[in-house]
Every structure is written in structure tokens, then in C-alpha cells.
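Put chain W on the given structure of chain R with help from the hints.
Protein chains in written order, with UniProt numbering: chain R, 1 to 380; chain W, 1 to 737.
Read the hints as simulated data drawn from the structure, not as lab findings. C-beta: ideal position from N, C-alpha, C; glycine also. Mixed in with the good hints, there may be bad ones.
[Stated by the list, open to error] Label pairs and their calculated CB-CB ranges: (1) R:90 with W:701: 51 to 57 angstroms; (2) R:161 with W:68: 43 to 49 angstroms; (3) R:90 with W:568: 55 to 61 angstroms; (4) W:568 with R:209: 25 to 31 angstroms; (5) W:68 with R:169: 39 to 45 angstroms; (6) R:322 with W:418: 33 to 39 angstroms; (7) W:68 with R:308: 35 to 41 angstroms; (8) W:532 with R:159: 20 to 26 angstroms; (9) W:716 with R:209: 50 to 56 angstroms; (10) W:600 with R:209: 38 to 44 angstroms; (11) W:701 with R:169: 29 to 35 angstroms; (12) R:161 with W:523: 25 to 31 angstroms; (13) R:90 with W:674: 47 to 53 angstroms.
[To be verified] Calculated pairs, BS3-like style, for lysine-lysine (alpha carbon to alpha carbon, straight line, at most 27 angstroms): (14) W:545 with R:25; (15) R:119 with W:545; (16) R:232 with W:545; (17) W:520 with R:45; (18) R:126 with R:55; (19) W:700 with R:25; (20) R:25 with W:520; (21) W:526 with R:25; (22) W:700 with R:119; (23) W:80 with R:45.
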Amino acid sequence: MNEVMQFSAGHEDLIHDVAYDFYGKRLVTCSSDQKLKVWDMDEEKGTWVPNDSWKGHDSSILKVTWAHPEYGQVFASCSFDRTVRVWEEQDQGSYENSAETRAGVVLEAKNGGRRWAEKARLADSKGPVQDLEFAPTHLGLKLATTAADGILRIYEAMDVVQLGQWTLMDEIEIFSGGQPPPDASTTTTSGVVITSHYCLSWCPSRFQPQMLLVGCGKENVAKIFRQDTHGKWHPSEQISFHTDLVTDVAWAPNMGRAYQLLATACKDGRVRIFKLGGASSGATGPGLSASSAPWQTVGANQKKSGPAKFQVEMIADFSDHGTEVWRVDWNVTGTILSSSGDDGKVRLWKSSYMDEWRCMSIISAEQGGGGDHGEAAMLR
Amino acid sequence: MQGQPQDDSVYATFAAKVSYAGLCKPGGIPELVTGTRTVRGLLSAVRNEAVIHIARRDPENNSASPGSVSQDDQVVKLIKIADDLPPSRVSFVNETHGVFAALQFSIRQAGGAWRSVGGRRHTMLGFDEPPGGSGDTRGHSHTMGTEIKKAVLRATVEYREKILSKFHEVADGSTPEALSENVILRTAHSAMQLLEVVHLKADLHVGPSQWDHVQEDYLSWLNAHYAEPRDEDFLPFKMSANPRGHPKYWPFVYQTLLRGHVLTVVSILKIHPDFRAQRIEAIGSNIGEKDVLIVKIIKLIETLPQPAGYETQHLFEERRRRWKEDVCRLQSNVRNYTGQTRDLQEFSTVLAILNGDEKTILDLAQDWREAIAGLILFVHPSLKRHEIAELFDKVYVDVENSSIKELIEIAIIEGEFQRAIRHCTKQDWWLVAHFADLLHHLGVFDRDNVVTSLPGMVDMRDRPPQREWYLLNYSNTLLSHPTLWRVGLEYIASCPASGRQVLETMVTRIPLDGDIKTRKLIAFCKRSGLEGPRREIHRTVARTKYRAGRIGEALEHYIEAKDAPKVASLVDELIDAYLATADMTWSDVAARLSPTAVEWHVRLAMLVRYREFHELFTNSDYPAAGRQLVEIIGSAFGSNTRLLPKRLIYTLLIDSLLLLEYEPAVVFGVKATNELMRCLEDITTSHRRKEYLGAWAAAKEGGNISEEAVAGAEAQLGVIRAALVKNLSRAYIRNVE
Numbered sequence: 001m002n003e004v005m006q007f008s009a010g011h012e013d014l015i016h017d018v019a020y021d022f023y024g025k026r027l028v029t030c031s032s033d034q035k036l037k038v039w040d041m042d043e044e045k046g047t048w049v050p051n052d053s054w055k056g057h058d059s060s061i062l063k064v065t066w067a068h069p070e071y072g073q074v075f076a077s078c079s080f081d082r083t084v085r086v087w088e089e090q091d092q093g094s095y096e097n098s099a100e101t102r103a104g105v106v107l108e109a110k111n112g113g114r115r116w117a118e119k120a121r122l123a124d125s126k127g128p129v130q131d132l133e134f135a136p137t138h139l140g141l142k143l144a145t146t147a148a149d150g151i152l153r154i155y156e157a158m159d160v161v162q163l164g165q166w167t168l169m170d171e172i173e174i175f176s177g178g179q180p181p182p183d184a185s186t187t188t189t190s191g192v193v194i195t196s197h198y199c200l201s202w203c204p205s206r207f208q209p210q211m212l213l214v215g216c217g218k219e220n221v222a223k224i225f226r227q228d229t230h231g232k233w234h235p236s237e238q239i240s241f242h243t244d245l246v247t248d249v250a251w252a253p254n255m256g257r258a259y260q261l262l263a264t265a266c267k268d269g270r271v272r273i274f275k276l277g278g279a280s281s282g283a284t285g286p287g288l289s290a291s292s293a294p295w296q297t298v299g300a301n302q303k304k305s306g307p308a309k310f311q312v313e314m315i316a317d318f319s320d321h322g323t324e325v326w327r328v329d330w331n332v333t334g335t336i337l338s339s340s341g342d343d344g345k346v347r348l349w350k351s352s353y354m355d356e357w358r359c360m361s362i363i364s365a366e367q368g369g370g371g372d373h374g375e376a377a378m379l380r
Numbered sequence: 001m002q003g004q005p006q007d008d009s010v011y012a013t014f015a016a017k018v019s020y021a022g023l024c025k026p027g028g029i030p031e032l033v034t035g036t037r038t039v040r041g042l043l044s045a046v047r048n049e050a051v052i053h054i055a056r057r058d059p060e061n062n063s064a065s066p067g068s069v070s071q072d073d074q075v076v077k078l079i080k081i082a083d084d085l086p087p088s089r090v091s092f093v094n095e096t097h098g099v100f101a102a103l104q105f106s107i108r109q110a111g112g113a114w115r116s117v118g119g120r121r122h123t124m125l126g127f128d129e130p131p132g133g134s135g136d137t138r139g140h141s142h143t144m145g146t147e148i149k150k151a152v153l154r155a156t157v158e159y160r161e162k163i164l165s166k167f168h169e170v171a172d173g174s175t176p177e178a179l180s181e182n183v184i185l186r187t188a189h190s191a192m193q194l195l196e197v198v199h200l201k202a203d204l205h206v207g208p209s210q211w212d213h214v215q216e217d218y219l220s221w222l223n224a225h226y227a228e229p230r231d232e233d234f235l236p237f238k239m240s241a242n243p244r245g246h247p248k249y250w251p252f253v254y255q256t257l258l259r260g261h262v263l264t265v266v267s268i269l270k271i272h273p274d275f276r277a278q279r280i281e282a283i284g285s286n287i288g289e290k291d292v293l294i295v296k297i298i299k300l301i302e303t304l305p306q307p308a309g310y311e312t313q314h315l316f317e318e319r320r321r322r323w324k325e326d327v328c329r330l331q332s333n334v335r336n337y338t339g340q341t342r343d344l345q346e347f348s349t350v351l352a353i354l355n356g357d358e359k360t361i362l363d364l365a366q367d368w369r370e371a372i373a374g375l376i377l378f379v380h381p382s383l384k385r386h387e388i389a390e391l392f393d394k395v396y397v398d399v400e401n402s403s404i405k406e407l408i409e410i411a412i413i414e415g416e417f418q419r420a421i422r423h424c425t426k427q428d429w430w431l432v433a434h435f436a437d438l439l440h441h442l443g444v445f446d447r448d449n450v451v452t453s454l455p456g457m458v459d460m461r462d463r464p465p466q467r468e469w470y471l472l473n474y475s476n477t478l479l480s481h482p483t484l485w486r487v488g489l490e491y492i493a494s495c496p497a498s499g500r501q502v503l504e505t506m507v508t509r510i511p512l513d514g515d516i517k518t519r520k521l522i523a524f525c526k527r528s529g530l531e532g533p534r535r536e537i538h539r540t541v542a543r544t545k546y547r548a549g550r551i552g553e554a555l556e557h558y559i560e561a562k563d564a565p566k567v568a569s570l571v572d573e574l575i576d577a578y579l580a581t582a583d584m585t586w587s588d589v590a591a592r593l594s595p596t597a598v599e600w601h602v603r604l605a606m607l608v609r610y611r612e613f614h615e616l617f618t619n620s621d622y623p624a625a626g627r628q629l630v631e632i633i634g635s636a637f638g639s640n641t642r643l644l645p646k647r648l649i650y651t652l653l654i655d656s657l658l659l660l661e662y663e664p665a666v667v668f669g670v671k672a673t674n675e676l677m678r679c680l681e682d683i684t685t686s687h688r689r690k691e692y693l694g695a696w697a698a699a700k701e702g703g704n705i706s707e708e709a710v711a712g713a714e715a716q717l718g719v720i721r722a723a724l725v726k727n728l729s730r731a732y733i734r735n736v737e
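The shape of chain R in the complex, shown without the other chains (with noise of 0.2 angstroms):
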């Protein structure tokens, strides 16, 4: 068992997301419960510690994430209730008091929800919002939200000192055919009922334009958006080879590779990982179709009308959770994609020098039955 620490959340209910921030030293977990909580990493103890725990939102929280720290100690979380709110840390002082743990269960967080202050609450959505993503801090404090009316909602920061001021700057339909029909439910082989479900991730490379990766509901699809030379987003890329959900989504970093890699989470059972080529004249590969936006002509006048397409192929195609699959997440390297599904287990993926993708690396919900099994794995 390779177990660091553990500690208890104590939510009232079930955990949605867990976000680290941007050093890994800190993370906020959000729950059914409507409550935020964030949690410090002590060192010198190497346990995790209470910050605070206060009601955030008037509904589930769905997910969370952090700003670059360039920007303070903030965080934004999104809700049933259609709202995302930003929060930042107050100053210390009045709030430092002692937290009260015992044997690692918290009791009470030591700030009692005075610690961090709302700072902005965008109340644009017709719907609950499922995914919130700050973009990456070259394109400074942006956030991209997606919510269960079909809209990618882009924000920026008027003012990154204050953060009270928030601009809607876009929004996007993701839906082909526009708003999301309104029995866009299903109910799946367990029972549970699904309506569209939305997902993003920023493209973090500096020396690409502005694009999103978005899961796109009903229509087991991820998207590119790409924003043009004046500004304005269109679909792009369309990855169409997931045969349910698309369920997460994530853009990897990109480090010295003359491509991108993007991941994709499926509730048909698999986990995708696509290669972003050099521009081409069109998509390649059966899973791929040409973007439909009429800004976009594919063909030999291409590059007269709009910037030239990626050249997307599927590179690793894993049935190994064997059910669905609700979260991928990359390393801050991009080296290694990790995948959560409903077979309880944390798989983690990493490419050989080769661009040969394996999972190395199999976290199980389970407790132990004899210690660690298989070979021992070099992952980082």
C-alpha cells in the first residue's frame, strides 16, 4: 500500500469534486451537502488540515477550481443552483484560531466560513452549471463554464485586484442544432438518470490560439472551439468516435511535443487519447468529421478562409475500466493521464518513449488483499 495520509471531508453528503490548487499544497472538495471546504497541507505534520467550511452555493456543487496564484488565493465553484461564485482568501488574523481534528476526523473547520469571501457570482446560465475551467494564466483571468442549458460561457476579470467585476465576453452553443432539446435525458444500464452533461478544458499552450475542448452531452462528440483572429469562437475539430457521453474531457499540457494530446472520459466504457497533428486541409480518420461552421470553408480555399484544421487521430483507445468513466486528468507534464470509473479504480496511463500508451498503474478502491501487485512501476 503506497498510501501517504488520509482524512475525512466531513461533508453531510457525497463528495462531487476535488480540486488541488496550483502547487498541490492545497485543495477544496465540494458536496451535495451545498458546502465548500478547503484543506492545507501541513508539512511538518504531513497531514492535511482544515481552512474553512462554509455553505457556497444554494444547490449541489458540482465542481471546483483554482486560480493561478497570480491572482490570489481563488478558487470558483458551479452549482445546481446555475450560479458559479468566485472566492478568495481573506487576509489572516481575526481568523487564525486553532483547528480542532482528532485522529484525523475534522470537527470543525478553525474559520468557521469567514476566511474566504465571495467575491463574484455569475448568474448567467438557464441551467445547472456542470464545468468550470480558469483558462491558463497567458490569457489572463479568464474562466469557461458549461452549463446543462448547451452554453460555453467565457468570462474575464475586469479587474484581477478586486475579482469583483466579471464580463460575460462569450457564449457559445454547443449544441449543433442550438439549445439542447429539453428531453435530453436518458437513463443508463444502472438506473441513473442522465441529462445533457457538458465538460471543457483549456488548451494551455501559449503558441496555439484560443482554444476549448468540450464534451458535448447527448450528442458523444467532443469539440474544439477555437477563437479567430477577431475574436470571436467557432467549433472546430469535431472528435466523434465516443459511441455514449463524453463524460470529462481534459487538454493535455503541452511540453516540447510538436502536437497536442487531448483525453477523453466515456460512460461507454473507455478512455480516449487523441493526437493533435499539424494543420491539415481536413480532419482524418473515421471518428472525424469537418466543422460545420460557416466561417470555415474545408478544402483547398481553407487557408484563405479560416485558420487551417488539426489533423486529429486517435492514439490509445482503453477499454480497461470496462464501465463507465467519469474523469480524466492529466499531470502538469502531460506524461501521464489518469482515469476514474465506476470499476472503482484510479488507472494511470503513461506513454513510452515510443508514444506507446499503458496503463502503469492501478489504484484500487479496495482494501489491500497483500500489499502492491504486478511490477513495480517508475511513473514520474
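Leaving out everything else, chain W in the frame of chain R:
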């Protein structure tokens, strides 16, 4: 050593490592994920860990979770996904980084880009490839190649010294960690030494002889890493009354002979009864030793020519030829000694070995290494280093049952460096990274060597050089370490093709724990030319300082980050504090500003100029203070860069009052007084008059400017206006310009 890298598709049996988080009982996952629960995980930024927890499975369902939510549902586990670097490795990592850094420096000194345009591709190891052979026509000058080879050789020798030193530390350890370290250190040492023996020393003529031969170095490597027979094996028959009767006596003789242990084999032969008998006989009868077979064999062994003793290959081979004639002569006459010894067959075998009988050598050798040693010693004594691989055709290598260490050795001898590296990846990132670095510098290990035309295979030209791939993987093992993160960054910095982007990302991910660490990181960024990350770190620190209310320090960091809007904003805050409460923090900040910063931003220049005014005034240098003040106020109307915001003119006019009333001298001349009057009238007649006159009130009241505040300012300006008129008349009378 830390973990084990895996990077080879040939290891088809590879199984993923399985860890157990213990969030549910064994076999309890189906029950766990039924309904609303699932399991989620995410990776930490720098630390080798992942978070795993039970999560709500159906994010679209807003209802409260059916059934009770237990404490078990709230457990968040942090699981190591790779072993941390053991504390015992820290010094080794630091020391070997020193060797690594020195090598990179030497390579740069040797010419930086060691490839130059040429017709043939020289592999640095003595093999020339014809143009087009690898699709690459690049080569490099022989001189540069020699210099690089020398540098690499120095590095391998130093690496081996560090490995040996570390080996002595862990040699006595019996813990699994120590045993693992032991194996890895042995492998690393062997690989480095073999690289030297077979490839690096060619053409460098290290040692007294000025011609290339592999014999001595190969035997040195063999006996250093496979030191058999051991000395203690010698004891049983040394103490025996009848040593030749011992079952291990002759195998021992053969083995020591094949390995070139001349002194040992001679000492063993001298305990043979034949030798002892002739000694006794010789002492008794004064008969010479010439006619005794064992004596002749011993003499032949003792006189076996060693290449190192000869300046030229010709001299060596001439001496060797004469020696071999002696061996042949004795071998052909060996039947004559039938009555003299009971071990004629064994002596014949020894003579067969000495005469270079390949079958005898191969039959008697315990393994391929010993067989090659025997072949080199007695069949091909002048063998060149690069020719050693050819001997593999003659020896049997049991690859199936070979250890990783042996597989690496075979690959190195055969010059199959890609294979060698693939085997190294089974051992340790340190070994892979440093060995790949050495091979890269030797020019045998870059992307061109693995370009494939096979359909479906990756075009390696899309990828960073292999050296960088392995160095980056190694550096990742160091970044999460509390003290080795700098070394990790240095390794990343040594990757010119892909390292920069990784470095830019990773350097900003190092937690800014304290000012010293921050300064170190910033210094590293400066040294490495990482302007973007340096600014990013400054912005992050500035934000922290700002949040802590240390605006002066925040401003300094924003200045370093060249963040002009933030600098302007913070200067405004400092000025507002001055206007509101006469807080002089701005003056302390101005005192610390560098000339470059002052030149870069007008607001900073304004702070400095205004501080100079205060200093002049404090020092009672009123004329100079007056000139300074007029210049600053006048700069609010500059056509290009306005030093002073107009909302501060009112405050500076208040400052002028004391100078206007100064007696007996006239501080402001006619022109200066006119300028001040012009400025005064400008702000009082402006459509933004309220803003200009009420700036101090706005600073005090959070932006609100009351009519009373403006009226108060008007009254003050009235006083100033009168003082200006009075001063103007005084200036005219005294003719002050």
C-alpha cells in the same frame, strides 16, 4: 534507488502496479458504485501522489443522496504513485549532477553543436556510416569528436567513482532498499565501464601503449564485475597435501588462465606435485628446470606478452609470435613428457589454451564473458575495441536466462545502444538518464537512429531527442524533493529541445515557501533566461505581498514583473494613502527603486522626483526644491509622458506654499511663478475640477468627494493664489528668473 522506469514494449509481460486505497472492503466495489457513488482520482501537481475518494456518481441529479452518508464516504486518501527518493540518495544525486553539469560544459566547450555538415556520419565510436545509410548526412570533425569522447570518458570515470563511493555506503545493508540499490549500482558501474572499454577508449590511447587494444581493459571490467574464481576457492587445495587430486584444481587453473590471472595460475601450478618434486630434485641434484613440463608451462604463462608493454602493435605481435612458437614447440613435444607427469592431458589442455585453441577455450569457459576473455587473450590478442562484438558469433549467450545487467552489457558490447537503453529502463531513472546523455553526446543515440518507415509507427522527428525524454523523466523524480528540486530544474534546463517548455511550467510549480526559496527560484530563472516564469513568480509573490498589506514589496515585485498596469495601480494606492493619512510608504518605496525601474515607468519616476523634492526641502535647499517642484507640476502637462497625474497638482501646490512664503529669498522666479499660476488655474477651471481638487478627500472617503471638501480645497488654493501673486511681485522687484 528510486522506483523502476519502464519504457519498452518488448516487456510484454509487464503488469501495472496495483495499489489499494481501502475505501471499501475487498470485493466491495460493485456494491460501492451501485446507485449514487463512484470513485474518483486526480493527480497532484508536483508531488508523486494522487487523491482518491468516493464521489457522487450522477452529477445531474440534484436530490440529496438516497440512504445515509457514512463517514466512510468522506474519506479522502492520498496515494503515492511512485516512490519518493530515499534520503540516502540525496548526496549521490547532488554529486553525480556535478559530473553531469561538468560534462555538459565540456561538450559546449568542445564546440557546442558537435555536428557539422559532412559527407559521412561518424558515430563517434569508430564506425563510419556511408551517406544515406541512416538518411542523415551530418557528421562532425574528428578533432571535435575526440574532444567529446575525452569529455565523456572523464564523465564515465567520475560517475563510476561516485557509484563506487555510494556502493561502499550501501554494501553492508541488508534491507530490501539497500539490496536494490546494490544491484542498480553494480549495473550502472558495469555499463559505464563497459562503455569505456569497448567504445570510449578507442583512438584515445589511454595508457602507455599508443595503439588500440581491448585486452587489458576488458579483463579489468570482467574481473571487477564477475570476480570469479574467488580467492577463497584457492584455499581448499592450497592447504591440501594432494592439490591436483582436488576436483576443482584443474577447473580453477583453466578459469584463472582464461581470465588472464597470470600470477594466480602460476601460484596454483606451483603447488602441483610435479613442480614441488622437481624443486626438491633440483635442490638435491642441482639439475636445471629446463626439462620439466610444468616448469616450461609456467614459464610460458609468465612470459605471456601483454599489449600494454609494447609501444606499437607491430612490436607486440612480433613478440607474441615468438612466444607462440615456443608454445607450439612445447605442445608438439608434449608426448615426450608422458613419464614425467600423471596430468599430461591437463597440461595439454593448458597448452591448447595458450596456443589459442578456440574449441578448448569455448568448452572450458564458464560463460560468454569468460569465453570472450579467453579468445581475446589467446586467439586475438591484438583485438581492437570495436571488434569485440564480432566474438559474439563464436560464443554462446543464454539471453533467456540473462539478468538485466547482462543484457545491458551484451547490448553495449554489440553497440546496440537503443537496446541497452531499453534494458536500462528496467532498472532506474538515474541510470537511464545519465547513460542516455552519454550516448547522445557520442552521437549514437538521437531521434534519427530510431526513425522508422513502418506504417503506424511514430515518426520520431515529431518527438524530442531521447536524451531529453529520459532526462525529463529523471528530473521529475527530483522536483518533489524538498532540497533536490533545484537539481531537477538544472536537468530540465539541460534539455534544449523540449526542456524549456517543461522548465517554464515546472519552475513556476515549485511552491514559493519563503523569501529565500523565492529568491533562489528567481535567480534560477534569470540564469536560465526564463523571462516569462520569472515574471510569473514575481507577479505571484507580488499578489501575496499585496494581500498581506505590504504594498511597497508588492510594487517592487510588480516592477520586476514589468507589469505596468499593476505598478500604476499600486502607485496610485500609495499616493492615495499619502493623501488620506500622510502615509509616507511611497517615499520608502521610491528610495529603493532602481534607475532602470524609474526609467521604465513614469509613475515611478514621479515618486522618485517627488521624494527628491522632499529631501531638498528637508535639507533646506529651497531654491533646488522649488525648481524640482515646478518641474514635477509642469510634467502633468507634458505632451508625451505625463509624470504627474493632474489630481496631485493640488497637493503639490500646497507643498509650494511654504516655499512661496519663505523669507528673505525668493524661491520661485517670475517664470516659475507664472508656471505655478498656470497650473493652478488649469485645475480650477477644468471640467474635472471636482476630481482634481477633491483627490485627497476621495482617498480618505473611499472615492466620495463632498462639496465641502472641494470648497475647502478652493479656500486653500485662494491662499496659494495670493501667495503666488505676492511672490510674483517680489520676483519682479528682485529680478529673479
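Cross-check of the supplied hints:
no.	hint	result
1	R:90 with W:701: 51 to 57 angstroms	violated, 23 angstroms
2	R:161 with W:68: 43 to 49 angstroms	holds, 45 angstroms
3	R:90 with W:568: 55 to 61 angstroms	violated, 25 angstroms
4	W:568 with R:209: 25 to 31 angstroms	holds, 29 angstroms
5	W:68 with R:169: 39 to 45 angstroms	holds, 44 angstroms
6	R:322 with W:418: 33 to 39 angstroms	holds, 35 angstroms
7	W:68 with R:308: 35 to 41 angstroms	violated, 56 angstroms
8	W:532 with R:159: 20 to 26 angstroms	holds, 23 angstroms
9	W:716 with R:209: 50 to 56 angstroms	holds, 55 angstroms
10	W:600 with R:209: 38 to 44 angstroms	violated, 30 angstroms
11	W:701 with R:169: 29 to 35 angstroms	holds, 33 angstroms
12	R:161 with W:523: 25 to 31 angstroms	holds, 28 angstroms
13	R:90 with W:674: 47 to 53 angstroms	holds, 51 angstroms
14	W:545 with R:25	holds, 19 angstroms
15	R:119 with W:545	holds, 19 angstroms
16	R:232 with W:545	violated, 36 angstroms
17	W:520 with R:45	holds, 25 angstroms
18	R:126 with R:55	holds, 22 angstroms
19	W:700 with R:25	violated, 39 angstroms
20	R:25 with W:520	holds, 20 angstroms
21	W:526 with R:25	holds, 26 angstroms
22	W:700 with R:119	holds, 23 angstroms
23	W:80 with R:45	holds, 17 angstroms
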